[in-house]
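Chains as they are written, first to last, in the numbering used here: chain U, 1 to 246; chain A, 247 to 488; chain P, 489 to 965.
Hint data in this document are derived by calculation from the structure and do not stem from the laboratory.
On a predicted model such as this, the values are computed, not experimentally measured, just so you know.
Wrong hints could be hidden among the right ones.
Said to hold, decoys possible - Pairwise CB distance ranges, derived in the manner of DEER restraints: (1) Glu652/P - Asp362/A: 50 to 58 Å; (2) Pro667/P - Gly336/A: 20 to 28 Å; (3) Gly659/P - Ala315/A: 46 to 54 Å; (4) Arg331/A - Glu679/P: 20 to 28 Å; (5) Val168/U - Ala315/A: 56 to 64 Å; (6) Lys256/A - Gly606/P: 22 to 30 Å; (7) Thr528/P - His312/A: 32 to 40 Å; (8) Pro667/P - Gly449/A: 42 to 50 Å; (9) Pro294/A - Lys631/P: 26 to 34 Å; (10) Ala917/P - Glu32/U: 45 to 53 Å.
Idealized CB from N, CA, C, for every residue including glycine.
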Amino acid sequence: MTNRPKRVTLFIQCIIDSCFPDAAWAMVRVLEKQGVELVHPKDQTCCGQPAFNAGYRQEAARLAERFLDVFEDAEAIVCPSGSCVNMVRHHYAELFEHQPRLLARAEAVAAKTWEFTEYLVDVLGVTDVGAFWKGQVTYHDSCHLLRGLGVADQPRALLRQVRGLELVEMTRSDECCGFGGTFAVKYPEISEALLETKLANVQSTGAETVTGCDMGCLMHMQGMITRRGLPIQVRHIAEILAGEER
Amino acid sequence: MSTVIERIRKALHIPQGGLSEDTRANVVFAKGAGWAAPAGDVPAGDLPGLIAQIRTEAGHLNLQVHECASAEQCGAELAALAEGRRPEWGTARQVMCWSDPVIQGLGLEARLAGTDISVRTVPERERFDETERAEFRRQVVDSYMGVTTADLLVADTATLLLLGGRGRGRSVSLVPSIHVAVVPVGRIVRTFRDALRRLDARGLGLPSNMTFITGPSKTADIEATLVHGAHGPREMHLFLLP
Amino acid sequence: MNSPEDYRSSAGKAAADTRLHSALAKMRDKVGRNALNLYTQVDAQADPRLKAKDVRRKVVNNLDVVLTSLAAKITGRGGHVHFAPTDLDAVEYCLGVARRHGVRRVVKGKSMLSEEIGLNAAFEAAGIETVETDLGEYIVQLKGETPSHIIAPAIHYSREQVGELFAEKLGEPYTSDPPTLTAMARKALREKMLTAEMGVSGGNTACAETGHVTIVSNEGNIRMSSTMPRVHVVLLGIEKVAATLEDHDVLLRMLTRAAAGQKISTYVSYVGGPRLEDEPDGPEEFHLVLVDNGRTRILGDPDFREVLHCIRCGCCLNVCPVYLKIGGHSYGTPYCGPIGAVFTPLTRGVNECHHLCQGETLCGACKQVCPVDNDLPRMLSLLRAKLADGDPRWNVRPQSRGTKAAFAAWAWIMSRRPALDLLLRLGRAVQRLLPKPSGWIRRLPGPLSGWTRGRDFPPLAKESFTERWARTRGRKA
Chain U
1 MTNRPKRVTL FIQCIIDSCF PDAAWAMVRV LEKQGVELVH PKDQTCCGQP AFNAGYRQEA
61 ARLAERFLDV FEDAEAIVCP SGSCVNMVRH HYAELFEHQP RLLARAEAVA AKTWEFTEYL
121 VDVLGVTDVG AFWKGQVTYH DSCHLLRGLG VADQPRALLR QVRGLELVEM TRSDECCGFG
181 GTFAVKYPEI SEALLETKLA NVQSTGAETV TGCDMGCLMH MQGMITRRGL PIQVRHIAEI
241 LAGEER
Chain A
247 MSTVIERIRK ALHIPQGGLS EDTRANVVFA KGAGWAAPAG DVPAGDLPGL IAQIRTEAGH
307 LNLQVHECAS AEQCGAELAA LAEGRRPEWG TARQVMCWSD PVIQGLGLEA RLAGTDISVR
367 TVPERERFDE TERAEFRRQV VDSYMGVTTA DLLVADTATL LLLGGRGRGR SVSLVPSIHV
427 AVVPVGRIVR TFRDALRRLD ARGLGLPSNM TFITGPSKTA DIEATLVHGA HGPREMHLFL
487 LP
Chain P
489 MNSPEDYRSS AGKAAADTRL HSALAKMRDK VGRNALNLYT QVDAQADPRL KAKDVRRKVV
549 NNLDVVLTSL AAKITGRGGH VHFAPTDLDA VEYCLGVARR HGVRRVVKGK SMLSEEIGLN
609 AAFEAAGIET VETDLGEYIV QLKGETPSHI IAPAIHYSRE QVGELFAEKL GEPYTSDPPT
669 LTAMARKALR EKMLTAEMGV SGGNTACAET GHVTIVSNEG NIRMSSTMPR VHVVLLGIEK
729 VAATLEDHDV LLRMLTRAAA GQKISTYVSY VGGPRLEDEP DGPEEFHLVL VDNGRTRILG
789 DPDFREVLHC IRCGCCLNVC PVYLKIGGHS YGTPYCGPIG AVFTPLTRGV NECHHLCQGE
849 TLCGACKQVC PVDNDLPRML SLLRAKLADG DPRWNVRPQS RGTKAAFAAW AWIMSRRPAL
909 DLLLRLGRAV QRLLPKPSGW IRRLPGPLSG WTRGRDFPPL AKESFTERWA RTRGRKA
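With these hints in hand, go ahead and build the complete structure from the sequences.
Pasting the structure below:
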């Protein structure tokens, strides 16, 4: 557990900012309940991951440098997305491998950027955020969060402390849901097949709700759930952790 | 000078005036700290534990282990095994043995003298001509059981090391349907690593051929279902001698 | 090799093949997902993958020294060593050996390299009967197909299909019992292995210090193919070697665990030359063919040199969610799965194989299980970068000017918050025109339509987080 910063700068993933702002507001409520002061740089846009993932490194580098400009004065940067934090923590160094000054700046920013559940558990030292959520919930381990950042215990520790919530593990929770960024658009046959397996595994648990820390995966799941009218509810973990007693 | 080696050197940017080839070779072939120390014989007190380990491993492998108190007992059991088995191909029963004191000491030929089972030993010669090789090959193919010793026995995995050489024959542990290995317990080592260290300690005079054998042959190529008995021996026995 | 269109259609069909999936799931559960447990058995103190990686790196970075030593030791025993710069050269050499000995029948142990160079077809064209002896390869050969997995070539067949195949081709009564089927193959192949004049095998690694090629198997077919025929030819990629016996302590233990979940395979053979005069059996001639075929080019690129560390265990296949859904044949190349997705473009052309570079999610499962700690996702990502912007060094043309322009425009907009805000406002207006029967967008136009083939797409929220924060929390820096 590191020294508790007085102020957290919000890094809101572009998908969440534009399509799923409620997840970000839920994170805001949870953090403020922990007594954290929040700041939101209004100029932030995107960490550059979509471009990097598709191979467009020049474009990604532009956005990465801009990210450094926007965020490097922050004390602590918290983001409700594992893949974005993975981008900052691991891929910025790749982008700036041959540019020492940018590399140094990127490393400095990476050292103070956390994924939301990581921040709560590892930095604030909190697993009980005083949340309520009735029902069975199953957790999806998103790829970059799990394998890039090594975050697996923290979300589960938090979910286990939610009053009324029963955490049920699905088969192969760590298997890719098939999103993969542009892959989902370019190779829909394969992407959908992976998603079907993921949703079947979710349904086999009997849980009403599936949750995770990455909106890319969650919106991928919701996309097929909506299309097929499947009886599964999808919630970003922030929304569950902000859940209040009714 | 091979084109490929040239290409490799170019790809690796082996610099002019960089490390000489000898220096690089010294680095590449250097032994680790814990490697060169001689792996001594296993203390007699450890043997029962290691034999128990061999038995456990052997169970998974379908390798049948026989502990014998003497060469006499071993010979008798082995002869009984031979008598109890029918050949997989054809009707004639023939056993092919390595030419080795451990096996000679079992007196197999004498024990099976009155039976239909013929016992042959690999000829020890300085050289073989085409006819002699063809004859030996035919005899191995006609054998339903091959009897060898082993140079080392790895307890960790119940693995036998068979070095090639005079009076041996690679096909004896391979072509007959049943492979019998007779091994004095003094040849037991703990791990595969220890076995390699022992080999290394022999110096660079390793034979042109050697094989580590762990149980009878098997395959899982059909629906990932394990089947014992593929192309090599389908039955294997390990006789342990004191 | 499959074109991108073939890949798409094969993958699409395979993605619906539930029988294939349950067959591959066995490899996934028995080997792939078990791999990490097995590795911890190898070394309690240090991560054995890092040690294995060090061993491979040491060798690959000194490949000239290692190969020279290996070649010298083998020729010192009377073996022949041939360095083949290309696949054609390797095939020519093997044909030359076969012709010199009047070979009419060749028995083969499993060798992915022989697939890579097209050896079987060349032998058959020269009138030489070529029989695969590994059970899985034999099945695939009888079927007239290619292997679908590096370790388990026939994993995509059911036992019933094998039974039908043997009934048809071997004239045996139909059965679907694997032991009985295996016994049929044992009988059919024994005769071939005992009468072939030449045996061709691959190699799993080699020991340069002692001058041996190491061949690992469970079935005994490779031992038969390398012991009984007069001539034994080993095909080995130049990178698949080790320096010392000590290296083998780590490499072999990782290989057998990663490939088949085994502590050790049934047979580990060290072959280093022809039989000696006083040996009663064994091949009278031994040839080691060390094949380059694009590997030195990879060696010369520090970004990709790591791919030469691969020991061809197939573990990455067993955890790749894409491979497990589409099977090996969809890739249309000898090396499939994650390793194939990197190795094939680097040897057969990045543009030609762009579907291999882009047809996966970069989930990282392969990296997690690789016994030599290879970072395949990093290399795939680099290949994508080359496809995006081109790379003269690897003869890569930018794949799509349209996509480049789109990302450039996207980056321009994302560099200016006001531009993004404007785009969002426009987007909200436009999306009113898109069909949303269940609240989410049913159909996206143009290049994004791939998403809405089977999934709905989220609409933009009425107000972005940024807008509402600014509105409700005032201006905060």
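Okay, the hints, checked on the actual structure:
no., hint, verdict
1, Glu652/P - Asp362/A: 50 to 58 Å, "violated, 41 Å"
2, Pro667/P - Gly336/A: 20 to 28 Å, "holds, 22 Å"
3, Gly659/P - Ala315/A: 46 to 54 Å, "holds, 50 Å"
4, Arg331/A - Glu679/P: 20 to 28 Å, "holds, 22 Å"
5, Val168/U - Ala315/A: 56 to 64 Å, "holds, 58 Å"
6, Lys256/A - Gly606/P: 22 to 30 Å, "holds, 27 Å"
7, Thr528/P - His312/A: 32 to 40 Å, "holds, 34 Å"
8, Pro667/P - Gly449/A: 42 to 50 Å, "holds, 44 Å"
9, Pro294/A - Lys631/P: 26 to 34 Å, "violated, 51 Å"
10, Ala917/P - Glu32/U: 45 to 53 Å, "violated, 33 Å"
Of the numbered hints given earlier, the model fails hints 1, 9 and 10; all others are met.
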